[in-house]
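The hints should help you fit chain U onto chain Z, whose structure is shown.
So the sequence lines, in the order shown, correspond to chains Z and U.
Residues 0 to 479, numbered by the working numbering, are exactly what the first sequence covers, in order.
Residues 0 to 479, numbered by the working numbering, are exactly what the second sequence covers, in order.
Among the hints, a few may not be true.
Since the list can't tell identical chains apart, any single copy or any two copies may satisfy a pair.
Below 25 angstroms or equal to it, Euclidean Cα-Cα: the simulated DSS-like pairs (lysine-lysine) are [said to hold, decoys possible]:
(1) Lys355 x Lys299
(2) Lys254 x Lys299
(3) Lys355 x Lys254
I should point out that these hints are in silico values taken from the structure, not numbers from a laboratory.
Keep in mind the model is a prediction, meaning the values are calculated, not measured.
The chain contents come next:
2 protein chains.
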Amino acid sequence: MGVSTGNSSGAFVSGPLAMADAALFTDLYELTMAAAFLRQGLAGPASFSLFARRLPAGRGFLVAAGLEDALEYLRAFRFTHSGLEFLRSLGRFEPAFLDHLRGLRFTGEVRAVPEGTLVFADEPLLEVTAPILEAQLVETALLNLLHGQTVLASKAARSVLAADGRALAEFGLRRSHGTDAGMKAARAALIAGFDSTSNVLAGLTWGLPLSGTMAHSFVTAFATEHEAFRAYARAFPDSAVLLLDTYDTVAAARKAVEVARDLAAAGHHLAGVRLDSGDLAALSRDVRAILDAGGFQAVKVLVSGGLDEHDVAALLAQGAPIDGFGIGTRLTTSADAPSVDLVYKLVRFDGRDVLKLSPGKRTWVGAKQVVRRVGPDGRLAGDTLALAEEAVPADATGLLEPVMRGGELLRPHPPLAEIRARCAAELAALPDDVRRLTDPAPYLAMPSERLRERQRAAEAGVSPGRVGAPESPLSEAKGA
Amino acid sequence: MGVSTGNSSGAFVSGPLAMADAALFTDLYELTMAAAFLRQGLAGPASFSLFARRLPAGRGFLVAAGLEDALEYLRAFRFTHSGLEFLRSLGRFEPAFLDHLRGLRFTGEVRAVPEGTLVFADEPLLEVTAPILEAQLVETALLNLLHGQTVLASKAARSVLAADGRALAEFGLRRSHGTDAGMKAARAALIAGFDSTSNVLAGLTWGLPLSGTMAHSFVTAFATEHEAFRAYARAFPDSAVLLLDTYDTVAAARKAVEVARDLAAAGHHLAGVRLDSGDLAALSRDVRAILDAGGFQAVKVLVSGGLDEHDVAALLAQGAPIDGFGIGTRLTTSADAPSVDLVYKLVRFDGRDVLKLSPGKRTWVGAKQVVRRVGPDGRLAGDTLALAEEAVPADATGLLEPVMRGGELLRPHPPLAEIRARCAAELAALPDDVRRLTDPAPYLAMPSERLRERQRAAEAGVSPGRVGAPESPLSEAKGA
Chain Z
0 MGVSTGNSSG
10 AFVSGPLAMA
20 DAALFTDLYE
30 LTMAAAFLRQ
40 GLAGPASFSL
50 FARRLPAGRG
60 FLVAAGLEDA
70 LEYLRAFRFT
80 HSGLEFLRSL
90 GRFEPAFLDH
100 LRGLRFTGEV
110 RAVPEGTLVF
120 ADEPLLEVTA
130 PILEAQLVET
140 ALLNLLHGQT
150 VLASKAARSV
160 LAADGRALAE
170 FGLRRSHGTD
180 AGMKAARAAL
190 IAGFDSTSNV
200 LAGLTWGLPL
210 SGTMAHSFVT
220 AFATEHEAFR
230 AYARAFPDSA
240 VLLLDTYDTV
250 AAARKAVEVA
260 RDLAAAGHHL
270 AGVRLDSGDL
280 AALSRDVRAI
290 LDAGGFQAVK
300 VLVSGGLDEH
310 DVAALLAQGA
320 PIDGFGIGTR
330 LTTSADAPSV
340 DLVYKLVRFD
350 GRDVLKLSPG
360 KRTWVGAKQV
370 VRRVGPDGRL
380 AGDTLALAEE
390 AVPADATGLL
400 EPVMRGGELL
410 RPHPPLAEIR
420 ARCAAELAAL
430 PDDVRRLTDP
440 APYLAMPSER
450 LRERQRAAEA
460 GVSPGRVGAP
470 ESPLSEAKGA
Chain U
0 MGVSTGNSSG
10 AFVSGPLAMA
20 DAALFTDLYE
30 LTMAAAFLRQ
40 GLAGPASFSL
50 FARRLPAGRG
60 FLVAAGLEDA
70 LEYLRAFRFT
80 HSGLEFLRSL
90 GRFEPAFLDH
100 LRGLRFTGEV
110 RAVPEGTLVF
120 ADEPLLEVTA
130 PILEAQLVET
140 ALLNLLHGQT
150 VLASKAARSV
160 LAADGRALAE
170 FGLRRSHGTD
180 AGMKAARAAL
190 IAGFDSTSNV
200 LAGLTWGLPL
210 SGTMAHSFVT
220 AFATEHEAFR
230 AYARAFPDSA
240 VLLLDTYDTV
250 AAARKAVEVA
260 RDLAAAGHHL
270 AGVRLDSGDL
280 AALSRDVRAI
290 LDAGGFQAVK
300 VLVSGGLDEH
310 DVAALLAQGA
320 PIDGFGIGTR
330 LTTSADAPSV
340 DLVYKLVRFD
350 GRDVLKLSPG
360 KRTWVGAKQV
370 VRRVGPDGRL
380 AGDTLALAEE
390 AVPADATGLL
400 EPVMRGGELL
410 RPHPPLAEIR
420 ARCAAELAAL
430 PDDVRRLTDP
440 APYLAMPSER
450 LRERQRAAEA
460 GVSPGRVGAP
470 ESPLSEAKGA
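Isolated chain Z, as found in the complex (with noise of 0.2 angstroms):
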């Protein structure tokens, strides 16, 4: 067992999800289901679509992440002795559904958008087809592993439509919603576009590019702040980021300078100055003028301090000569949309198309495909919400590939530099009034012709005592 059991003492993460326990990663209605359907002789063939109901508000596109997270929890999908002993305690469970339990592993196939591909609401980033029993205990731990990933790949895709070329840094591991999220913060902003993280076990992990500074504890540590910079300067003499604004930043500026000028004396060069805190257009400015005035062009300018994209794109706006951004905790909590109403829904069964009614909540029947087409200026041109077993016309493409078959992955997976490369090349691809930070455009996946008559089949075929009454004037559910 990767977990502690009991008093949780030993447990550093309260949950360092070993593989063996990843089938107990899942709300407890699964299994109950799963023991209704054993019971009652359900065993055909179920297809899941998982996607976004709608955008949060204010955002254009998702960038789906989390994929070989999701495959590889599929492949370890398992109940351990341990686990089918713990379920047996809880005294709701026949003796033969936990025998059922105890060989299960997942045995279906999956199509996915590629980690990296931008998707707009309705549209699949997963497709599970498996007897229903599998498909319906995978539900929770799928949608906490695309989830997760995706809402922060999705915020950070967004700093770097702002930063226009400048660097960005991902420094928000302190505010993570704990270890699995920092970690998942690294990997997914530079999918999304970052140059580096700061977090050191991301860098060993993904091999991702490092970078960090100096906090304000180091300046208050010295007698002197003139005296902290040179102990930074000579310990790191070609990488030296200096921190200006613990007590006044265009005073620091200036001590700044004076550490260039040992520096290059030394033949070393000062790398760049930080700004975190107080008016970052003006300071920048004026510190920037600072440098150059002493000859130091080259030393950069990187600013952060709660920062996000609005205050990227604003900075840049007004012309503040800042090289480069460290964006932290607004990152890595998505603090403007920390969730996407990201949902695993039935859309056939044993043969048989279904769909839920729910007020807000409408489904769309059927497994399906996604197809995008980009037009003769390179930009996106529309996408259609299509069946899964329609043609995909020549000059498109669909989005959603077989990705696993019998519980066996039919490909590795993608490093994480072509997942980099997808996601740059779809946002260079985004149009302009989708890209918008505020208030974009709406772009969404029209359905085809077979779809919206699959679907009119499906609800006319609604028997009366499925439904039991024509659906109420209930006002609309508000998202979830």
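Positioned in the frame of chain Z, the structure of chain U alone reads:
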């Protein structure tokens, strides 16, 4: 190594952080600063305070949580051979520094408020006193571990206040930020007073009560809704909760009555029904009336569907006959305040008080104690932010307790039940105006006279050489 390297295939969660990796779970700058401290011979004892610079907008209090993980991290803190090889490969660090890291352990002292304690702006949740290199290196992980659970517990407590005794289930695993946050959310919700979680692995890990019902996919998998209800009731004849809103909630309630009758005839009972969309106030009344008319007053009405504490309060204010709430995404992402401005600041080094003057980010000097008084009415009567060396009056409590010395735990971790009881007592003692969900009154820690004196002395003692110039009239920095 608990994480995969290079190609990340094999990682179910990107950071199944094994204890062995703990020291690399950090920002790069902690390591560069440590290298500069070592090179400069700075090794004196440093005290760092970890506190919220301010509360999130609209929030009246925080629930301190995450201490157990933080202490286990400190116990596990070390650099592995492979971790050191990775650092060496970066080409940034001198061999002497890497050699120093090889044998490094956390040998310091920690004082902290117990988990489940309510804290307010400027009140330390934890203070570390250790050789400066150690105290600096643990910053990122301590912030991450305490921030995550404190954010989640603080959010959960608001639903507990709103629910006024109704049952609360944590349902948000699918949209938490990754696996670790999903686990922590369950623990944090139970600390704050939730009754159960849907997270099976959290149930196993901490012995938390589990709850769950069924999903819409279960209903749509059957030819009719009635058949789905019967199948579920057969599988769980004494614990079934039927989901009513897949097609039409009121019609489904009538079918639930039929199922309840069948169960009663066989000596069993329907446990409850759940509404997940629509006008929950109106529908809960309709459904309650249908159940009551059928003679099933004991069948509980549960609701869910994107709810937060404001929805809970509004539904109960309307007199909606609701027995319990499932709270998901908005809880587990702390949707209105996904981060807290939690910081870790050097307050004393080598016998000298230190402070920073950055606009909007000034800090109080010195190691501290939070002195809390309870009035004759049993309500919190005011906190004093005092120096650690000040005596705590007999009629007050000092919240920060020694929990680690010489890197060793001073006591076993308290059981979750004790933490939960502490939180319940503290919530009961909250003044009504601070407890309000909307626009709560501020409850601040007032500095003691001795702290004010020490602060004045430190500010006066900041040499011109340190600050360089009087502070510029900068606009206030916004929060990180």
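25 angstroms Cα threshold - placement of Lys254 relative to Lys355:
Answer is between; shortest inter-copy Cα gap is 17 angstroms, intra-copy 66 angstroms.
Given identical chains, is Lys254 near Lys299, meaning Cα to Cα at most 25 angstroms, within a copy, between copies, both, or neither?
Classified as within; 15 angstroms inside a copy, 69 angstroms across copies.
Alpha-carbon proximity between Lys355 and Lys299, which holds within one copy, between copies, both or neither at 25 angstroms:
between (56 angstroms within a copy, 24 angstroms between copies)
In the structure shown, no violation is registered for any of the earlier numbered hints.
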